[in-house]
Structures are given as structure tokens and as C-alpha cells.
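All chains should be built: construct the whole structure from the sequences, respecting the hints.
Chain order of the listed sequences is P and A.
Here the first sequence stands for residues 3 to 171, numbered as in the numbering used here.
Here the second sequence stands for residues 26 to 467, numbered as in the numbering used here.
Hints are computed from structural coordinates only; laboratory data are not their basis.
Hints are supplied without guarantee of correctness; some may be wrong.
[As the list claims (entries may be wrong)] In silico SDA-like links for lysine to any residue, alpha-carbon gap of 20 Å or less: (1) Lys208/A - Phe409/A; (2) Lys208/A - Glu143/P; (3) Lys208/A - Cys154/P; (4) Lys208/A - Ala430/A; (5) Lys208/A - Glu152/P; (6) Lys208/A - Gln156/P; (7) Lys208/A - Gly455/A; (8) Lys208/A - Asp151/P; (9) Lys208/A - Ala435/A; (10) Lys208/A - Ala147/P; (11) Lys208/A - Gln104/P; (12) Lys208/A - Ala437/A; (13) Lys208/A - Asp454/A; (14) Lys208/A - Gln157/P; (15) Lys208/A - Gly433/A; (16) Lys208/A - Asp230/A; (17) Lys208/A - Ser408/A; (18) Lys208/A - Val148/P; (19) Lys208/A - Gly431/A; (20) Lys208/A - Ser153/P; (21) Lys208/A - Gly231/A; (22) Lys208/A - Thr453/A; (23) Lys208/A - Leu146/P; (24) Lys208/A - Ala432/A; (25) Lys208/A - Gly434/A; (26) Lys208/A - Tyr155/P; (27) Lys208/A - Thr429/A; (28) Lys208/A - Cys149/P.
[What the hints assert, rightly or not] Label-pair distances were calculated between CB atoms; the ranges are: (29) Thr73/P - Pro287/A: 37 to 47 Å; (30) Asp288/A - Gln66/P: 42 to 52 Å; (31) Arg389/A - Ser45/P: 41 to 51 Å; (32) Asn90/P - Ser334/A: 49 to 59 Å; (33) Gln66/P - Asp209/A: 13 to 23 Å; (34) Ile314/A - Asn133/P: 16 to 26 Å; (35) Pro352/A - Ser45/P: 56 to 66 Å.
Every value quoted in this text rests on a predicted model; they were computed, and no experiment measured them.
C-beta atoms are modelled at their ideal positions from N, C-alpha and C, and glycine is treated no differently.
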Amino acid sequence: MNIISKALIVTAALGLAACSTNPDRFGAAGSGAGGVGAAGLGSVSDPNSPAYFNEAIGDRVLFQVDQSTLTDESRETLRQQAVWLMNNGDYTAIVEGHADEQGTREYNLALGARRASAVQDFLVTQGVAPNRLRTVSYGKERPLAVCSDESCYQQNRRAVTVIAAGGVS
Amino acid sequence: MTHILRILLAVMLAAAAPMVSAQERGPLRIEITEGVIEPLPFAIPAFEAETPNAAQYAQDITRVVAADLTGTGLFREIAPSSFVSNVTSFAAPVAYPDWRAINAQALVTGAVSVAGDGRLIVKFRLFDVFAGQPLGEGLQFVGEPASWRRMAHKVADQVYARITGEGGYFDSRVVFVAESGPKDARVKRLAIMDYDGANMQSLTDGGSIVLAPRISRDGQRILYTSYETGFPAIYEMTVSNLQRTRLPVPTENMTFAPRYSPDGSTVIYSLTEGGNTDIYALDTRSGGIRRLTNAPSIETAPSFSPDSSQIVFESDRSGTQQLYVMPAAGGEATRISFGQGRYGTPVWSPRGDLIAFTKQNAGRFHIGVMRTDGSEERLLTASFLDEGPTWSPNGRVIMFARETAGAGGAPALFSVDISGRNLRRVPTDGSASDPAWSPLLP
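Right under this line is the structure:
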């Protein structure tokens, strides 16, 4: 009756699952943007310090859901950021754009880029040289606040101006 | 009579296909389908160990074949404890009345041996019990013992294909992002596993954020986005040796959302310039780059049709995220999504008939499918956050990531069939997101 009449030889294809993983393969490249270390922040009482920029002026602006429009409050913060940057020409900045978790991954990456770009464009209109600014988007990958309601989401829909010493890489 | 078995399954699968006949539906008709069907009962006695050293393999392979079949939701295994008789020898004639007595409609028998050269030999037969005859010829697979799971999946694919008349999906792999750590400092590693969660292997070390891997049709190459320079860029990895190279696209811009063309020769992706994201195509042979969209809105998440003639993508050019289809070379795009809410991450089915997507509406996320012209939209799932569908090789099942809410929220992989039935968690070692299902392995 049923002779086994057809044989599929799959030996070659079956050798597939044997590769090993080297956990150090890619080194320890950081996932965050470059910024000055904590030791380089200076004192918040020194108006020319990154600490003053981060805390007295404010290093971030927030956005409405799905928007990249700068509010009046954001513009005021960014005007002061621009003044600081123009007074402290040794520093450059990376503007990081972020989104809350209420969105798909790819769209949030693009939305974060739009927010970072809105900040960059405004800083440039205020007189900051474009070559001192760079943007990067993290989408929804790096939330600051971890709850799943608007109180957290509004903190996460942000663009953060990260001060760095030296040139933009 | 063989017919009856096949027709029964065809009916079951038809429940999974868009149901238009009952009443003519406009393209805005939306429903969450919850078909309930009776799975087909089958018996799978433990495969015979033809050599003493094959006993464990025989037992394990039998369980994997059974798990593959029951995991589809189309089949129900009859407990061996209710068998009237057992199959003592693979070569012995089948006692059909004994299997009819327990209402087994299909019977799978098998035998496993270890050959003199150390290779594993797996044989199986499938019987239509009520017709009293075999369904197809016996078949045997030969492979390395370490690949016993693949051989079991190949047996199950054959059984599935013979009974449903469609290709199977068990001998396939899934590349995904394995996640660990707290929500505000998540560690993400590229990883790959069998479709059922077995044989998981990490491909990157977690030192950089990695996103949305895609696997080539031959299962040998993976495209993904990595922040390893601190800036998102697309990389391609060869699975066999973990060698990876940066995609030859402009490095001063952020690039992401890559996907292969069906023949693997083209990579479509998104590039952001001055805050504006558009879609581009890289010819991997010539290195030539072509811009496919040119709009001030966000254009991203492109996916080729299986015949390579069209690309579906998402855009917010209308004000919110919606789905559009354009010719593969770019040009005028047609909007296909018109329901309530926002639509993203479209993926063309390998069968060509449907597009799967993520939908956001009224604070909930859904995985859904629609025909390629946007008609007959059906939502298959609903949760706090469902995202990123990927198709099974036969276009019958969708895998996606579901993330739970709150500070302790974490993603896991789920699968669901295109009728919305058989929602199942895909087992992974730890949290997981961004699945991409390979075609059937060669």
C-alpha cells in the first residue's frame, strides 16, 4: 500500500540555527545623545553654566497631542535658550524630539523629528548658528514619565535641548 | 470522501475570509469579527521509534506536530487516553473503525529513526478516517538531530496543507525586539526565534536601541534601525554570521522603517530631512536612490505588494495618519483608509489580497485588515496598545505586539487569524515587540 515514495532531503537547510551570539560584539555604544557630564554642568547660579540653561531657563519645551507647534510659553523658553547659546559660543546643542506612547513606532519617530526640527528652526531664527545645532528623534523610545495617562504623556511629548561641549559630531 | 475533509476546512477558512455576500457593504463598514467554529478532531498517536536512540525524538516530534496543528485553532487533538486502539507499527494497516469510533476525522502516524550516519529520519502518513484512505502519500524528512523541531514543523506544514489546500506556516522564523528593564530605560536587543517561540537567539547586545527589524524572503538577512552611533540609521545583518553593515544611504539624515522588496533587491525606507519624513528606495545592486514621495507631511512605514508593483504606506497629509497606495516607482498616491481614527504600519499580505494595519481610535489600538482598495475593513483585536502587524507565510495569521498600560507596562507578542479568532500569546523569553515573520524556510 503506501510505500514512502517521496523523500525530501532537507539536511543542508537544517544547519541553520547554529550561530552563537557574542554579547560584546558591538561594544557599548551609548543609546543616548551626547551631552556634557554631570561634572561639567557648573552652578545654576552662574548664568553661563549648562546647569543654568537646564534649570533656570529650562532645557525642554512640551507639545500638544500629535502637534509640533510651539506654544507662546515654549517660544519664550526658546528665546532664552537662544540668548544663552549665543552668549556661550563654545557649546553646541543636540535637540532631542520625543513622543508619548500613544502612537505607532514609526510615526512617533517622524513626529519626534518634526518637534526637534521646530525647536531647531526657532533657535536659528533667534540667531543661533545652524551648524551648532543638530536634531535627533527618539520617538516613544525614551519616556521620562512612565504612567499611562495624560499627566505622564504631556511630559513625554517634548523636545529637549541637550548642551554639549565642543563641536557637533 | 477525501473531499469532505477538505471541504470542511475550506468552510472554516472561508469564515476567515471577508464576508460580503450576506449584504453588500460599503468601504466604511467596520466590524470586529468573532467567528466561532468547531475545530476538526484529529488523532496523532506517538510516533514510532524505529531505532532505540530515536525514542525521545519520536516523542518530542509528535508533541510539536500536535501543538502546531492545534495552535491554528482549526484542529482539535483527541486525547490518546480515549484511543480504542493504538498504532503499534508505522507499516501496519490502519484500523479505520477504531478511529471512527472516537470521531477522529484525520489520523497522523509517524516513525522516527536515527540513521547510521547520525542523521534523523522522520516519516509520516496522513489518513482521512471517514473516507478510509490515506490523504496524500507518505513522506520522509532527513536532517541533523539538532533540527528535529524543524522536521516536526515540516510534517505539520504538510498535514495542514493537505487538509486545508493552502500552504502551512510552521517551518518559519520570527525576528523581533527582545525588551528588558524599566519603561524609562528599556534595553532592546534584536532577536530571532522559531514561529512558536522555540530556539530564541539574541542578535545584538542591547547596548543601543534597535527598532522594527524586517526579514528577507530567504530568511537570511535582517534590516533594522539602530541608534548605535547615537543617531538612528538602518543596518542590514546576515543571520548566519551576525555580520552587519550600514545601509548605503545618506548618514547625515535620520533613516528608519526599512523593508525589502519581495525579491530583496530594493529596500524602501523613510528618511527625515529638516524635520520632514519621506519615503525613498535604494537599489541594493546599483546603490541608486530614488525618492518616492515628496510632501511636507510625514510619509513612512512603506510595504511592497507581493507582485512588487505597488507600495502601501502611511501619511498624515490629510491631517491625520492614513493609508495610501502608490506605484512602486512613486507617483500619485490613492488614499485607502476612511474609517474613524488613525491608521498606521500597513503591511501587504503575502497573498496579495489584504492589507494589515494598526488603528488608533477613541483611545484604543486595534490590529485590522482591509482589502487593498480599502474596502471591507475589519478589526481583529482591541487593547490599550496593539501595534505592528506581520503576516504568516500563508497570509492567514497575523502576529503583532501588545503592550500593557502603566508604569509596569511591557509588550508581548500575540497572534490572531484573519477572522479575529484564535488570539494567542506567542511565548518569548521576556518582553518582546516589533515582530517580523519570515516566509516558509526552504
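Each hint, compared with the structure:
1. Lys208/A - Phe409/A: holds (16 Å)
2. Lys208/A - Glu143/P: Judged against 20 Å, a Cα distance of about 9 Å means the pair holds.
3. Lys208/A - Cys154/P: holds (12 Å)
4. Lys208/A - Ala430/A: holds (11 Å)
5. Lys208/A - Glu152/P: holds (16 Å)
6. Lys208/A - Gln156/P: holds (16 Å)
7. Lys208/A - Gly455/A: Since the Cα atoms of lysine 208/A and glycine 455/A sit roughly 14 Å apart, the hinted pair holds (cutoff 20 Å).
8. Lys208/A - Asp151/P: Holds, because 14 Å separates the two Cα atoms, which is no more than 20 Å.
9. Lys208/A - Ala435/A: With Cα atoms ~8 Å apart, lysine 208/A and alanine 435/A stay inside 20 Å; holds.
10. Lys208/A - Ala147/P: Roughly 9 Å between the alpha carbons, so the hint for lysine 208/A and alanine 147/P holds.
11. Lys208/A - Gln104/P: holds (14 Å)
12. Lys208/A - Ala437/A: holds (14 Å)
13. Lys208/A - Asp454/A: Holds: lysine 208/A and aspartate 454/A sit about 17 Å apart, inside 20 Å.
14. Lys208/A - Gln157/P: This hinted pair holds, its Cα atoms lying about 14 Å apart.
15. Lys208/A - Gly433/A: holds (7 Å)
16. Lys208/A - Asp230/A: Holds, because 18 Å separates the two Cα atoms, which is no more than 20 Å.
17. Lys208/A - Ser408/A: Roughly 19 Å between the alpha carbons, so the hint for lysine 208/A and serine 408/A holds.
18. Lys208/A - Val148/P: holds (6 Å)
19. Lys208/A - Gly431/A: holds (9 Å)
20. Lys208/A - Ser153/P: holds (16 Å)
21. Lys208/A - Gly231/A: holds (15 Å)
22. Lys208/A - Thr453/A: Roughly 18 Å between the alpha carbons, so the hint for lysine 208/A and threonine 453/A holds.
23. Lys208/A - Leu146/P: Holds: lysine 208/A and leucine 146/P sit about 9 Å apart, inside 20 Å.
24. Lys208/A - Ala432/A: It holds: about 7 Å lies between the C-alpha atoms, which stays within 20 Å.
25. Lys208/A - Gly434/A: Answer holds: lysine 208/A to glycine 434/A is near 7 Å, not above 20 Å.
26. Lys208/A - Tyr155/P: holds (13 Å)
27. Lys208/A - Thr429/A: Holds, because 11 Å separates the two Cα atoms, which is no more than 20 Å.
28. Lys208/A - Cys149/P: holds (9 Å)
29. Thr73/P - Pro287/A: 37 to 47 Å: holds (46 Å)
30. Asp288/A - Gln66/P: 42 to 52 Å: Cβ of aspartate 288/A to Cβ of glutamine 66/P: about 43 Å, so the range 42 to 52 Å holds.
31. Arg389/A - Ser45/P: 41 to 51 Å: For serine 45/P against arginine 389/A, whose Cβ atoms are near 48 Å apart, the range 41 to 51 Å holds.
32. Asn90/P - Ser334/A: 49 to 59 Å: Given about 55 Å between the Cβ atoms, the range holds.
33. Gln66/P - Asp209/A: 13 to 23 Å: Given a distance of about 22 Å, which is inside 13 to 23 Å, the answer is holds.
34. Ile314/A - Asn133/P: 16 to 26 Å: Given a distance of about 25 Å, which is inside 16 to 26 Å, the answer is holds.
35. Pro352/A - Ser45/P: 56 to 66 Å: holds (60 Å)
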